[in-house]
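K.L.:
Respectively, the protein sequence lines represent chains A and B.
Residues 1 to 139 (my numbering) make up the first sequence, in order.
Residues 1 to 139 (my numbering) make up the second sequence, in order.
Treat the hints loosely; a few may be bogus.
Said to hold, decoys possible - Which bits of chain B does chain A cover? Going by a derived footprint, with three or more residues having C-beta under 8 Å, they are:
| hint | stretch |
| --- | --- |
| 1 | 3 to 17 |
| 2 | 27 to 37 |
| 3 | 83 to 97 |
To be verified - Label pairs and their computed distance ranges (CB to CB):
| hint | chain 1 | residue 1 | chain 2 | residue 2 | range |
| --- | --- | --- | --- | --- | --- |
| 4 | B | Ala19 | A | Ile6 | 25 to 33 Å |
| 5 | A | Ala102 | B | Ala19 | 44 to 52 Å |
| 6 | B | Gly46 | A | Glu101 | 25 to 33 Å |
| 7 | A | Glu105 | B | Thr137 | 28 to 36 Å |
| 8 | A | Glu8 | B | Leu108 | 40 to 48 Å |
Derived from the structure by calculation, the hints contain no laboratory data.
Please read these numbers as outputs of a predicted model, since none were measured by experiment.
Quick reminder that beta carbons are idealized off the backbone N, C-alpha and C, glycines included.
2 protein chains.
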Amino acid sequence: MSDRTITELDEAECLRRIARGGIGRIAYHSRYGPEVLPVNYQWHNGAVVFRTAAHSALDEDLQTGITGGDYQVAFEIDHIDEAGRQGWSVLIQGPAHHVSEAERESALEAGVEPWASGERELFVRIVPSRVTGREITPV
Amino acid sequence: MSDRTITELDEAECLRRIARGGIGRIAYHSRYGPEVLPVNYQWHNGAVVFRTAAHSALDEDLQTGITGGDYQVAFEIDHIDEAGRQGWSVLIQGPAHHVSEAERESALEAGVEPWASGERELFVRIVPSRVTGREITPV
Chain A
1 MSDRTITELD EAECLRRIAR GGIGRIAYHS RYGPEVLPVN YQWHNGAVVF
51 RTAAHSALDE DLQTGITGGD YQVAFEIDHI DEAGRQGWSV LIQGPAHHVS
101 EAERESALEA GVEPWASGER ELFVRIVPSR VTGREITPV
Chain B
1 MSDRTITELD EAECLRRIAR GGIGRIAYHS RYGPEVLPVN YQWHNGAVVF
51 RTAAHSALDE DLQTGITGGD YQVAFEIDHI DEAGRQGWSV LIQGPAHHVS
101 EAERESALEA GVEPWASGER ELFVRIVPSR VTGREITPV
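If we strip away everything but chain A, and leave its shape as in the complex, we get (with noise of 0.2 Å):
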């Protein structure tokens, strides 16, 4: 038995916890099945923003074959005090949007800085169509 005890949060808690931006992982599925990769992220007009390189590997599977259509995806952000064994965790689910020429002018004020280097021009959109989110406390 164990004494912790898991809630879920409300949407709109779950909306600030994911506005603060940082670090998130996206998840999506690639020509290998299921994959998952972290990226930094910013939250900007309702939605998650993030760059990547244009052909990478992670533009080519968030295509869908159509010109403007989006790709289902999820992201995921969490705090997890290992130590203390508690921790929470925030999950969007819905399209991801790449970013065309005419909206770059918006999407570039979200301020979202690539680490790697290399030119990462291509700006994602990920607006939620489903927000759920839980925590481990202790009892």
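Given chain A, work out where chain B should sit, using these hints.
P.N.:
Using the frame of chain A, we list chain B on its own:
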């Protein structure tokens, strides 16, 4: 331009990092599309082992409908130094296997303890079929 470089980690190095156990994130295709959840895990006999509740959403999502059939998942670990803009991540992809009664004794040896209260008597093993990792460091 950035002063960071990305290095691929070889399989041996990836397995060395994942063998430490701790917190990882399982990603899979759920009834709502891609899903990611943090779990605490141990590495045992060449596989990731974690526990969940039987008949939980996670359990049910990982069912193939075929007894003993396995469901393709991804399992990610990472270590990110946000202030230093560096970090690494390792991804394993492979089938998630529900440990049967006959196999329980071996899984118990892994010694993985669920944090949350309630019965979490279902053991899940992920045997890697693909292992990749990368590290972002200052140049």
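K.L.:
If a hint holds in the structure, say so; if it doesn't, say that too.
P.N.:
Quick rundown of the hints versus the structure:
Only when three residues or more bring their CB closer than 8 Å to a CB of chain A does the claim for the stretch 3 to 17 of chain B stand; here the count is 4, and the claim holds. For the stretch 27 to 37 of chain B, the proposed coverage by chain A is satisfied: 9 residues have a C-beta within less than 8 Å of a C-beta in that chain, meeting the threshold of three. With 6 residues carrying a beta carbon less than 8 Å from a beta carbon of chain A, the stretch 83 to 97 of chain B meets the three-residue requirement, and the given coverage holds. Judged by the Cβ atoms, the range 25 to 33 Å given for Ala19 of chain B and Ile6 of chain A holds: they are separated by roughly 28 Å.
A beta carbon spacing of about 48 Å between Ala102 of chain A and Ala19 of chain B agrees with the range 44 to 52 Å that was offered as a hint. Hint check: Gly46 of chain B to Glu101 of chain A, Cβ distance near 48 Å, so the stated range 25 to 33 Å is violated. Look at Glu105 of chain A against Thr137 of chain B: about 32 Å separates their beta carbons, and that is inside 28 to 36 Å. For Glu8 of chain A and Leu108 of chain B, the hinted distance range of 40 to 48 Å is not satisfied, since their beta carbons lie about 30 Å from each other.
Violated hints for the displayed structure, listed by number in ascending order: 6, 8.
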